[in-house]
Amino acid sequence: MKLKNVFQRKESKYLLTQQQFTAFLEELQTYMTLDQYGLHTIRSLYYDTTDYRFIRHSMDKPKYKEKFRIRCYGTPESDSLVFLEIKKKVKGIVYKRRLPITFPEYQIWEKTGQLPEALKHTQIGQEITWLFLKHPDLTPKVLISYDRLSFFCEADEDFRITFDQNIRYQAEDTRVAAARGELVAPELGVLMEVKAIGAYPLWFVELLSNYQIQKGSFSKYAQTYQRHLFKEELFYVV
Numbered sequence: 002m003k004l005k006n007v008f009q010r011k012e013s014k015y016l017l018t019q020q021q022f023t024a025f026l027e028e029l030q031t032y033m034t035l036d037q038y039g040l041h042t043i044r045s046l047y048y049d050t051t052d053y054r055f056i057r058h059s060m061d062k063p064k065y066k067e068k069f070r071i072r073c074y075g076t077p078e079s080d081s082l083v084f085l086e087i088k089k090k091v092k093g094i095v096y097k098r099r100l101p102i103t104f105p106e107y108q109i110w111e112k113t114g115q116l117p118e119a120l121k122h123t124q125i126g127q128e129i130t131w132l133f134l135k136h137p138d139l140t141p142k143v144l145i146s147y148d149r150l151s152f153f154c155e156a157d158e159d160f161r162i163t164f165d166q167n168i169r170y171q172a173e174d175t176r177v178a179a180a181r182g183e184l185v186a187p188e189l190g191v192l193m194e195v196k197a198i199g200a201y202p203l204w205f206v207e208l209l210s211n212y213q214i215q216k217g218s219f220s221k222y223a224q225t226y227q228r229h230l231f232k233e234e235l236f237y238v239v
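Just so you know, we're using my numbering here: the sequence shown kicks off at 2 and counts up by one.
For the record, the hints were derived by calculation from the structure and aren't laboratory data. One or more hints might be untrue.
Said to hold, decoys possible - Straight-line Cα separation of at most 25 Å, DSS-like style, residue types lysine-lysine; simulated pairs: (1) K135 to K64; (2) K14 to K64; (3) K88 to K196; (4) K66 to K14.
Based on the provided sequences and hints, a complete structural model is requested.
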């Protein structure tokens, strides 16, 4: 599959019980294909300002919001790719732009703020540099990791579905390679995200109806902030 670094789409979330997930997944696989990674772990290191301006603004549900994170697949090693991502949401449309660099290059950027020479003058490289100039107090705040299954539709490459489980957070050790930490929401079964540009295929609408699956609301970073980071922030203020 071709590596994409620019995305534009709508993203909708659904909360499934384990029982719903098992039956729903079996039927879904008659229409969609599991990607080549199979069950894999995603690590996302979220950056924010000293006063958590990004996530607080996001929780107000504005028409425009943005966030910056570092993402990698599995525990990064010397030959791993790491993605520097700017994710924006404008009037319900998600725009994601990411810059892939090697893990050793990321470690240099992390210490010095300097991107590889070949990337610093690219459009996305300049956007990342400008973001940190605009918000000089941006620092890593929390690592959120989870196990994911990703499915794509061969008839429509813009229609994708992911299932996330075991969503965990780590705020003490803010390295992208840190231990996975504790569950964000122990009561959560499976988080399904549907990524599409246009309307859902009719077969998928029927599947949602058959299994009585409705849209939900669960932002990994927002839930982590509300349930865990905000409490720690109050503790330190007191």
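Evaluated hints:
In summary, the hint linking K135 to K64 is supported, as the alpha carbons are separated by about 20 Å, within the 25 Å threshold. With a C-alpha separation of about 18 Å, the suggested pairing of K14 with K64 holds against the 25 Å cut-off. Note on K88 and K196: the hinted pairing holds, with a Cα-Cα distance of about 14 Å set against a maximum of 25 Å. Between K66 and K14, the direct Cα distance comes to roughly 18 Å. Compliance with the 25 Å bound is thereby established for this hinted pair.
In the structure shown, no violation is registered for any of the earlier numbered hints.
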